[in-house]
Amino acid sequence: MGKTVSERLNQRLRRTQDSEVASGVTQCGVVLREIDNHVLVEDLHKKVLDKIGVNKKYHCYFAVMMGKRKPTQKLKLTDYIPSSCKDLFLYKWCFDLDIENQLLEDDVACDLIYYQARHDLKVGHLTASIEEQIALDELSSLNCSKSAFVRLCQRLAGYNIVVVDNCFLSKQSSIFTNHLGTPCKVTLSQKGLCIITGKNLYRYFNSEGQKNSGLSVTEIQKKNVEAFVKLTCFLTY
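Position one of the sequence shown corresponds to residue 20 (the numbering used here), numbered consecutively onward.
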């Protein structure tokens, strides 16, 4: 039997300026319907985005992800998760720069993308040259628009690429000789899906989306997925 509960969503904020990091936590409460101690991801997704003020037409470009600091699992809107779930984050899920530039016109969506870009720079997901880092620092120090900062980040290596570490191959493949059970990294972008094992890089799809091997994506599994404990929401980090 369903019942109404109040879920507290912790939104961590980390902002870097002049090599100093300021951090804070913003609490956002939303009311979700709970069934057998589980809540629907779609309800969580919609109510959080409504709560923080993202335009409804842009909701589809943000996803509920699992993984502390480095989201590694995208949850489906149809998924049910324990109401005590932890390490859930709101993350941009848009790989088209033309659409992303439209998102930047929405103040709240721009904030989400901006702080995600800063987070990705901090953890090394985005790689900036010395000149690019100087330009980014200048934009920060001059208090320029967040959209200008994001547009510069769009040119950096690693932008709009999803990276999943600590995966392993569960089935032998002709292009992965002797790599069964070997840890690997998977990247996904508009250019395709790549698998990296050690110093070797294997491209599974090319830019046109054509299949290059008989390997099924389902044969690449994520291991050591942590159990859910509490529910939090990634807003800006």
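The hints are simulated quantities; they were obtained by calculation from the structure and are not laboratory data. Cβ atoms here follow ideal geometry from the backbone N, Cα and C, with glycine treated the same way. Just so you know, not all the hints are guaranteed correct.
[As the list claims (entries may be wrong)] Quick list of the computed label-pair ranges, beta carbon to beta carbon: (1) Lys93 x Leu116: 16 to 26 Å; (2) Val50 x Ile215: 39 to 49 Å; (3) Leu161 x Pro202: 38 to 48 Å.
Point to revise | isoleucine 215 and valine 50 - C-beta distance against the hinted 39 to 49 Å | key: 43 Å, holds
Check your understanding: Do the beta carbons of leucine 161 and proline 202 sit within 38 to 48 Å of each other?
Key -> 43 Å, holds
Review point. Given a hinted range of 16 to 26 Å, is it respected by the beta-carbon distance of lysine 93 and leucine 116?
Key: 20 Å, holds
Going down the numbered hints, you'll see the structure goes against none, and every one checks out.
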